[in-house]
Structures are given as structure tokens and as C-alpha cells.
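Using the hints, position chain B against chain A.
Residue strings, one per chain:
Number of protein chains: 2
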Amino acid sequence: MRKVDPEKHQAKLQQILEAAVMCFAEKGFRGTSTNEICAAAGMSPGNLFHYFPNKQAVIEAIAEEDRREMSERFAQLADEPDAIVAIERLAKDLLKQCVDPVYAKIGVEVVAESMRNPEMAVLFAASEASIKGDLVALLKRGITKGQIDATLDPKIAATWLIALIDGAVSRSVLDRDFKLKTYTPTLMRMIRRFLE
Amino acid sequence: MRKVDPEKHQAKLQQILEAAVMCFAEKGFRGTSTNEICAAAGMSPGNLFHYFPNKQAVIEAIAEEDRREMSERFAQLADEPDAIVAIERLAKDLLKQCVDPVYAKIGVEVVAESMRNPEMAVLFAASEASIKGDLVALLKRGITKGQIDATLDPKIAATWLIALIDGAVSRSVLDRDFKLKTYTPTLMRMIRRFLE
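Chains as they are written, first to last, in our numbering: chain A, 195 to 390; chain B, 195 to 390.
Pulled out of the complex, with its shape left as it was, chain A reads as follows (with noise of 0.2 Å):
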């Protein structure tokens, strides 16, 4: 049995996965073919194979990958002691990432599989409760600390805020003039009116 270098093993699955991202983000998940992804990532279909069993794998994985950084975008806002500032440093970088083509194209294949393929529905089903789990809190914190109008349910606006940046992804596909400079610090006025 070959023995596997871990760092290069690691290497190879970020290889991979980016490469699948941009197919994925051009053809949808569904246009996409294994040969596809090996192709873009310069691999063997056999080779692919050592790494991820099919294609579902690969999605799993993005999906992985994605809750993870989100989780670390949370655990980054715990020092930051006013909670609507540390609601709108997130809602900045989530923007962010929305007016990336490559996101949110992907983004928007999220919700039309999701709709249509119920191992999909629970797999970003699961990623969703996590984000909203994390949001909730972070509302609460701010009720309890007085910084947020407690009149407000928490998962409601947590929903809302979620909406807010769902509705950032289909901006940025359907309307060419939706640049982060020019939408960000109406963004921020809305979420801290909407909190205050």
C-alpha cells in the first residue's frame, strides 16, 4: 500500500474542490459530470475517485467547507462587544462574497437544487440551521446587552437578515449595477434601523 503524504493528500482535495466550484458555478450542479470536474482539475476520473466516491461527495464537501468558514466568521465576532456592529461586520463580508460572480452563482444553484432534489434540501438544510442558530444568539446577546430592541424575535429577524442577503445573491446575478460600494453603507443603515 502507497503511503499517503497528508499535506499533499490535503492539497490535492483543495484542488478539487475549487476546481468543482467553478464547474459547478457555470454548468449547475446537475449540468455537471464527474469527468467535468476531473477535467478542470487537471486529474484522472480514477484519480478523483481516491479523493471523492461521486459527485454528491464532492457537493458535501463544498458544503462542509462553507459551514466551517461560516462557524469561523461567528467565533471571530465573539470579542466584538456591541452586538449590531459585529451583525454588520458580517453582513459586510457576506456582501461581499454575494458580488463575487463564482459565489453567488453558486449561491443561486443552493436554492434551485435544493427545490428540486431532496438529498440536496437536507444537506443545505442542515448548513442553514447552523448560520441561524449562530445569528440567533448573537441577536439575543445584543437584547440581553439592551444594544437590540428587545420587542424583536430573535429568529424572525434572523430570518430577515438571512433573507436580506439571499436577496444580495439574486441582486448580484440579475442586476449589473449592483456594486459593493454603492449598496454597502445602505445595507448597513437598514440592518441598524431595522435593530436598533
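Derived from the structure by calculation, the hints contain no laboratory data.
You may find that some hints are simply not true.
Which copy is meant is left open, because identical chains are indistinguishable; a pair holds if it fits in one copy or across any two.
[To be verified] Listed next, the in silico DSS-like pairs over lysine-lysine satisfying Cα-Cα at most 27 Å (straight line): (1) K373 to K349; (2) K290 to K326; (3) K373 to K334; (4) K373 to K206; (5) K373 to K221; (6) K286 to K249; (7) K375 to K206; (8) K326 to K286; (9) K334 to K375; (10) K206 to K221; (11) K349 to K286; (12) K349 to K375; (13) K334 to K221; (14) K349 to K290; (15) K286 to K202; (16) K249 to K221; (17) K290 to K375; (18) K334 to K202; (19) K339 to K206; (20) K286 to K339; (21) K326 to K339.
Every value quoted in this text rests on a predicted model; they were computed, and no experiment measured them.
For chain B alone, coordinates are given in the frame of chain A:
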């Protein structure tokens, strides 16, 4: 040549469009064949071609109908002296549409298809431009009357309001807790605090 009864013709058109909307919601614009639309409308392919030359023409007719309905909505708001109340009424109406699974699925399809099909992108961009123009006019009226904060840029504010509705479409598809009665009051509050 057969004489065409305009009322019957109109009823048949409507029947085709309704059948097509159901098919598109279920299987997407791309995944639906004209044969499937015919089957759903209970007519032969030859008969369908009396009304629409191809699938693209059916989609254009649906977009046109949606645009007409949106224009009517804005026309009805002309009598409402308070611009914020008018926008709240509009948002309530649109939120009601968003929680309709067929409408929400078509909404997601429009975004997904626009990002891959330039012909669709042009078609839906025209609808978008018309809606945004009407909403900007409504915001300007509110600013002139001193009802809406004059420091807001009407175009940017309109875009974020549209993003909120886009987001409601995604929430409706992804989030099974997203219910009209629970979520409407917080949207109203978000809009009012944003604009006042």
C-alpha cells in the same frame, strides 16, 4: 380559413400559460418540453403551435403577464397618499405571492436561468427595469412629500427593497418555517424603519 372567437382564443391562451407555469415550477424552464406543456394543457402539439411558436414564446408571454400585473399593482397605489403605506401594501402583496410554492419556484428559476441563458437574462431584465422604475418613482414621491428620509438614494433604496422580496422567495423555498402570518409584521417594521 376558420373564424377565431376572440374570447375562446383568450381562454385557450390562459389555459396554456397556466399549464406551462405548473410545468416550469415542477421541472424548470430548461427541463420542461413543449410536449409536457401540451399534455398538461390537454391539447395536441399541433394545436399548441396555433398559439405559441415555441417554448421561448410561452416564457415571454408569462413574463409579459407578470409585468402587466406588476404595473397594475403600482397603478392601484397611485391613490394612496402616504408613500410608505403604499410600499407596505405592495410588500404585503408580494410576500403573499412569495409563499405560494409555484410562484416561489418560478422566481428561483428566473434567477437560475438568467445567469446561464442570455436571452432569458434580457427578457427578465426588462421586467426588472420596469418594476424598479415604478418603485423609484414611488420613493421619490415619498421624499418630495417629506414622508421618506431625503438622505436615501431612491435607486439604491429600491434595489434593497427588491432584494428583500428576492430573499423572501429564497426563504419560502428553503425554510419550511417561513410563514406569511409570522413573518409579515417584521417585514413591515423593517421597511418602515428603513424609509422613515
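Quick rundown of the hints versus the structure:
Taking the closest pair of Cα atoms, K373 and K349 come within 27 Å of each other only across two copies (13 Å); inside a single copy the shortest separation is 29 Å, beyond that limit. With identical chains, the CA atoms of K290 and K326 are at most 27 Å apart both within one copy (19 Å) and between copies (23 Å). When the C-alpha separation of K373 and K334 is checked against a cutoff of 27 Å, the pair qualifies only between copies, where the shortest distance is 22 Å, while the shortest distance within a copy is 31 Å. Neither within a single protomer nor between protomers do K373 and K206 lie at most 27 Å apart by alpha-carbon distance, with minima of 34 Å and 44 Å respectively.
Within a single copy, K373 and K221 get their C-alpha atoms as close as 24 Å, which meets the 27 Å cut-off; across copies the closest is 32 Å, which misses it. Taking the closest pair of Cα atoms, K286 and K249 never come within 27 Å of each other, the shortest separation being 32 Å inside a single copy and 40 Å across copies. For the homomeric pair K375 and K206, neither the shortest alpha-carbon distance inside one copy (35 Å) nor that between copies (49 Å) is at most 27 Å. Taking the shortest Cα distances, K326 and K286 sit within 27 Å of each other both inside one copy (17 Å) and across copies (24 Å).
In the homo-oligomer, the alpha carbons of K334 and K375 lie at most 27 Å apart only across protomers (22 Å), although the nearest pairing inside one protomer, at 30 Å, exceeds that limit. For a Cα distance limit of 27 Å, the shortest separation of K206 from K221 inside one copy, 22 Å, qualifies, whereas the shortest one across copies, 36 Å, does not. Taking the shortest Cα distances, K349 and K286 sit within 27 Å of each other both inside one copy (21 Å) and across copies (20 Å). With identical chains, the CA atoms of K349 and K375 are at most 27 Å apart between copies only, with a shortest distance of 14 Å across copies and 29 Å within one.
Proximity of K334 and K221 under a CA criterion of 27 Å is satisfied in neither setting, with 40 Å inside one chain copy and 40 Å between copies. Taking the closest pair of Cα atoms, K349 and K290 come within 27 Å of each other both inside a single copy (24 Å) and across two copies (20 Å). Taking identical chains as interchangeable, the C-alpha atoms of K286 and K202 are never at most 27 Å apart, the minima being 34 Å within one chain and 54 Å between chains. Taking CA atoms no more than 27 Å apart as the test, K249 paired with K221 passes in both settings, with 14 Å inside one copy and 21 Å between copies.
Taking the shortest alpha-carbon separations for K290 and K375, only the intra-copy value of 10 Å comes in at or below 27 Å, while the best inter-copy value is 32 Å. For the identical chains of this complex, K334 and K202 are neighbours neither inside a copy (43 Å) nor across copies (59 Å), given an alpha-carbon limit of 27 Å. In this homomeric assembly, K339 and K206 never come within 27 Å of each other (Cα to Cα): the closest approach is 46 Å inside a single copy and 61 Å across copies. Taking the closest pair of Cα atoms, K286 and K339 come within 27 Å of each other only inside a single copy of the chain (23 Å); across copies the shortest separation is 32 Å, beyond that limit.
Taking CA atoms no more than 27 Å apart as the test, K326 paired with K339 passes inside one copy only; the shortest distance there is 20 Å, against 39 Å between copies.
In the structure shown, a violation is registered for the earlier hints numbered 4, 6, 7, 13, 15, 18 and 19, in ascending order.
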